[in-house]
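Peer 1: Starting from the structure of chain A, add chain B where the hints point.
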Amino acid sequence: MVTTADPGIVDRLVDFGTALRDAGLPVGTDDVLAFCTAVAELTPSDQEDVYWSGRATLVSRRDHIPVYDEVFRQFFLHLRPPSAERKPVKDMKVPQGSTGTINVPDTEPGEKEADEPPLVLGLQASSLEIERTKRFSACSEAELAAVRRMIARIRLDPPRRRTRRYCPDPSGARLDIRAMARQAMNLNDSAPVLLRRDRKHKTRPVVLLLDVSGSMADHSRNLLQFAYSMRRAAQKVEVFCFGTRLTRITPLLDRRNPDAAMRLASERVLDWDGGTRIGTSIDAFVKAWGRRGMSRGATVIVCSDGLDRGDPGTLAEAIEKLERLSHRIIWMNPLYDSTTEVPPTLAMAVVGPHVDEIASGRDLASLEEFAARLANIG
Amino acid sequence: MSDPGFQTPASVAELQHQLRTVDYLADRGLATATLIALRLGRPLLLEGEVGVGKTELAKCLAKLTGRQLIRLQCYEGIDPHQALYEWDYARQMLHVRALSEHELADARTIGGLYSEEFLLERPLLQAVRAGSNAVLLIDEIDRADDEFEAFLLELLSDFQVTIPEVGTVSAAGRPLVILTSNRTRELHDALKRRCLYHWIGYPTVSEETDIVRVRAPEATEKLTSKVVDAVHRLRDMDLAKPPGVAETLDWVHALGAVGADDLRGDTATDTLGSVIKDRDDLEAVTSDISRVVPHG
Numbered sequence: 041m042v043t044t045a046d047p048g049i050v051d052r053l054v055d056f057g058t059a060l061r062d063a064g065l066p067v068g069t070d071d072v073l074a075f076c077t078a079v080a081e082l083t084p085s086d087q088e089d090v091y092w093s094g095r096a097t098l099v100s101r102r103d104h105i106p107v108y109d110e111v112f113r114q115f116f117l118h119l120r121p122p123s124a125e126r127k128p129v130k131d132m133k134v135p136q137g138s139t140g141t142i143n144v145p146d147t148e149p150g151e152k153e154a155d156e157p158p159l160v161l162g163l164q165a166s167s168l169e170i171e172r173t174k175r176f177s178a179c180s181e182a183e184l185a186a187v188r189r190m191i192a193r194i195r196l197d198p199p200r201r202r203t204r205r206y207c208p209d210p211s212g213a214r215l216d217i218r219a220m221a222r223q224a225m226n227l228n229d230s231a232p233v234l235l236r237r238d239r240k241h242k243t244r245p246v247v248l249l250l251d252v253s254g255s256m257a258d259h260s261r262n263l264l265q266f267a268y269s270m271r272r273a274a275q276k277v278e279v280f281c282f283g284t285r286l287t288r289i290t291p292l293l294d295r296r297n298p299d300a301a302m303r304l305a306s307e308r309v310l311d312w313d314g315g316t317r318i319g320t321s322i323d324a325f326v327k328a329w330g331r332r333g334m335s336r337g338a339t340v341i342v343c344s345d346g347l348d349r350g351d352p353g354t355l356a357e358a359i360e361k362l363e364r365l366s367h368r369i370i371w372m373n374p375l376y377d378s379t380t381e382v383p384p385t386l387a388m389a390v391v392g393p394h395v396d397e398i399a400s401g402r403d404l405a406s407l408e409e410f411a412a413r414l415a416n417i418g
Numbered sequence: 183m184s185d186p187g188f189q190t191p192a193s194v195a196e197l198q199h200q201l202r203t204v205d206y207l208a209d210r211g212l213a214t215a216t217l218i219a220l221r222l223g224r225p226l227l228l229e230g231e232v233g234v235g236k237t238e239l240a241k242c243l244a245k246l247t248g249r250q251l252i253r254l255q256c257y258e259g260i261d262p263h264q265a266l267y268e269w270d271y272a273r274q275m276l277h278v279r280a281l282s283e284h285e286l287a288d289a290r291t292i293g294g295l296y297s298e299e300f301l302l303e304r305p306l307l308q309a310v311r312a313g314s315n316a317v318l319l320i321d322e323i324d325r326a327d328d329e330f331e332a333f334l335l336e337l338l339s340d341f342q343v344t345i346p347e348v349g350t351v352s353a354a355g356r357p358l359v360i361l362t363s364n365r366t367r368e369l370h371d372a373l374k375r376r377c378l379y380h381w382i383g384y385p386t387v388s389e390e391t392d393i394v395r396v397r398a399p400e401a402t403e404k405l406t407s408k409v410v411d412a413v414h415r416l417r418d419m420d421l422a423k424p425p426g427v428a429e430t431l432d433w434v435h436a437l438g439a440v441g442a443d444d445l446r447g448d449t450a451t452d453t454l455g456s457v458i459k460d461r462d463d464l465e466a467v468t469s470d471i472s473r474v475v476p477h478g
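So the protein lines, in turn, are chains A and B. So the mapping is simple: this note's numbering equals the position in the first sequence, first residue as 1, plus 40. So the mapping is simple: this note's numbering equals the position in the second sequence, first residue as 1, plus 182.
Treat the hints loosely; a few may be bogus.
[What the hints assert, rightly or not] For lysine-lysine, the following DSBU-like pairs were computed, each having C-alpha atoms within a straight-line distance of at most 30 Å:
id, chain 1, residue 1, chain 2, residue 2
1, A, 276, A, 242
2, B, 374, A, 240
3, A, 242, A, 361
4, B, 374, B, 241
5, B, 404, B, 374
6, B, 423, A, 327
7, A, 276, B, 404
8, A, 276, B, 423
9, A, 361, B, 459
10, B, 374, A, 242
11, A, 361, B, 423
12, B, 404, A, 327
Worth flagging that the hints you see were computed from the coordinates, not collected in a lab.
Looking at chain A on its own, in the form it has when it is part of the complex:
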């Protein structure tokens, strides 16, 4: 394929592809081939041509451009990697004073139990009896693990929306003229049948914003499990954690093993058990993601107790923007249960007019009830 270039150059170009691969870019053999062909076609006069040929053929994401630049600089210009402060990959900044990472206990806690001889063979009920209405905050570590196992089993029915596409539906609202015409031609003169069609339904995107601050610590781990289950049940689910700032953890929840996913997520989130600034976090979501269309037509679920240390003005503005950008906002507040009034915190008063639904989620029963209701809310 690449005939015009001299073999020495090809080797060099292939090495460059390998260097990029080592730096973490997904560069396939066919990409390298395209790169070599491009360079051969251009008969480059200087390194800039090589640079841009590679940019067009080997890079397929904007985030990869800095990495590419760095490797190019080292490979072709023989420059040494810059000092640590200019890392090619965007790094998360750790706010001062919040260095803690926590370990989410596995759903199978206490390895010491494994040492005990198995006395009973066959089926055995869990020794932990979880009261469905026991508040998470009152549960022990082992109970929480059992709760998480049960949360994982909650059947989620994500909200749906109508799409523009049609599908055959015997009770549909419209006649399917096209199918009828097709059938009439096949049937020749026999009696025509009325065929109907209706809009297809698709699961609505769901965006979860989980408060992981100190006051929510007991709940947030369970909610993370809830988020994980949700991510598996619905197609488009985005999960963010916030305390004093916002972290997107969606890609981390793609792991098949829930414990590994939880662990990864809790390592990524740096402000566990810290303070809460709901307003700035929601604002950050709106600016970085919401505006780009992530929450458009989506059901946004905010899980927070509304004990906000930020400015209520910021919160009011942020939630108003979020309301305009999303389909429904559901506020899950563990301080609330359906028998009492909405907890009278300032934040709840501020968001009240913009929120479509307030749910509890403080215990297993309320989570189950919420999961069952979710489809109807959207």
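Peer 2: Same frame as chain A, but now just chain B:
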């Protein structure tokens, strides 16, 4: 190629020069990516902020190469029928009626129901038919559903369409394909891997001044440079929707329409609606207009 006058340029600089003749100023990166796309016959995926000239490039390339521009605007829920081809059922029905009235229906005439005559060509089939005489612009691919992306994959790799009743139509030569995305969602890697990729960023002050000179030659030099400076300051502000090059040009045209030959605080505020399209942004900029347009 339909325009015998057009030959694929030998160098990047030459392509840049040629694009300039159709009023498109491409920087070196974009010109290189375009040249490779032309030479290798691979689709070019352009991503970038709104209004930086992604769609415009396809239009200008069509003009430059003398090829036909075929545009497929993507939207949520677009399906292959709207993009590829459709049978004209109503006409087929009428035809059947006419045939049966004259008792002409036999195997041959019935077979004729599924012929070119009743086929409605949609952009993608048009592009396959036109082959190398076309520039196919698949605009805002990020708005279409994932399923549509998967469907495109097949088309972009083989450039052939199979219509069961007619047969396989394949392109004689490859059309030049330009895909654009505003990055409202991440595209699938499989699609990206079939394309060349270029990110179009905002131009520098001098590049943008050149663009305004070319695209709005009626504007005075003073107005041009002031507007470009102001737009660059706007981009530095923390706005939800920073203005693109299209907005810069709109602003220059708007100022021309109200007869302004200089950008001052008051004229800027009056015409701000042509650059800033978001209420919150508008409030932020209006309250701080002296920062955008210094010297009142």
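Peer 1: Hint by hint, say whether it matches the structure.
Peer 2: Structure-based check of each hint:
1. Restraint check for residue 276 of chain A and residue 242 of chain A: satisfied, since their Cα atoms lie roughly 10 Å apart, inside the 30 Å limit.
2. Of the supplied pair hints, the one linking residue 374 of chain B and residue 240 of chain A holds, its CA atoms being roughly 28 Å apart against a limit of 30 Å.
3. At most 30 Å may separate the alpha-carbon atoms for a hinted pair to count; residue 242 of chain A and residue 361 of chain A meet this at roughly 25 Å.
4. With a C-alpha separation of about 22 Å, the suggested pair residue 374 of chain B and residue 241 of chain B falls inside the 30 Å cut-off, and the hint holds.
5. With a CA separation close to 42 Å, the supplied pair residue 404 of chain B and residue 374 of chain B exceeds the 30 Å bound.
6. Note on residue 423 of chain B and residue 327 of chain A: the hinted pairing holds, with a Cα-Cα distance of about 10 Å set against a maximum of 30 Å.
7. Distance hint between residue 276 of chain A and residue 404 of chain B is unfulfilled; the C-alpha atoms sit about 50 Å from each other, more than 30 Å.
8. Proposed proximity of residue 276 of chain A and residue 423 of chain B is supported: the alpha carbons are some 25 Å apart, at most 30 Å.
9. Between residue 361 of chain A and residue 459 of chain B the CA atoms are separated by roughly 15 Å; this keeps the pair inside 30 Å, and the hint holds.
10. Using a Cα cut-off of 30 Å, the hinted pair residue 374 of chain B and residue 242 of chain A holds, with the two alpha carbons roughly 25 Å apart.
11. Between residue 361 of chain A and residue 423 of chain B the alpha-carbon distance is near 14 Å, which keeps this suggested pair within the 30 Å criterion.
12. At most 30 Å may separate the alpha-carbon atoms for a hinted pair to count; residue 404 of chain B and residue 327 of chain A exceed this at roughly 34 Å.
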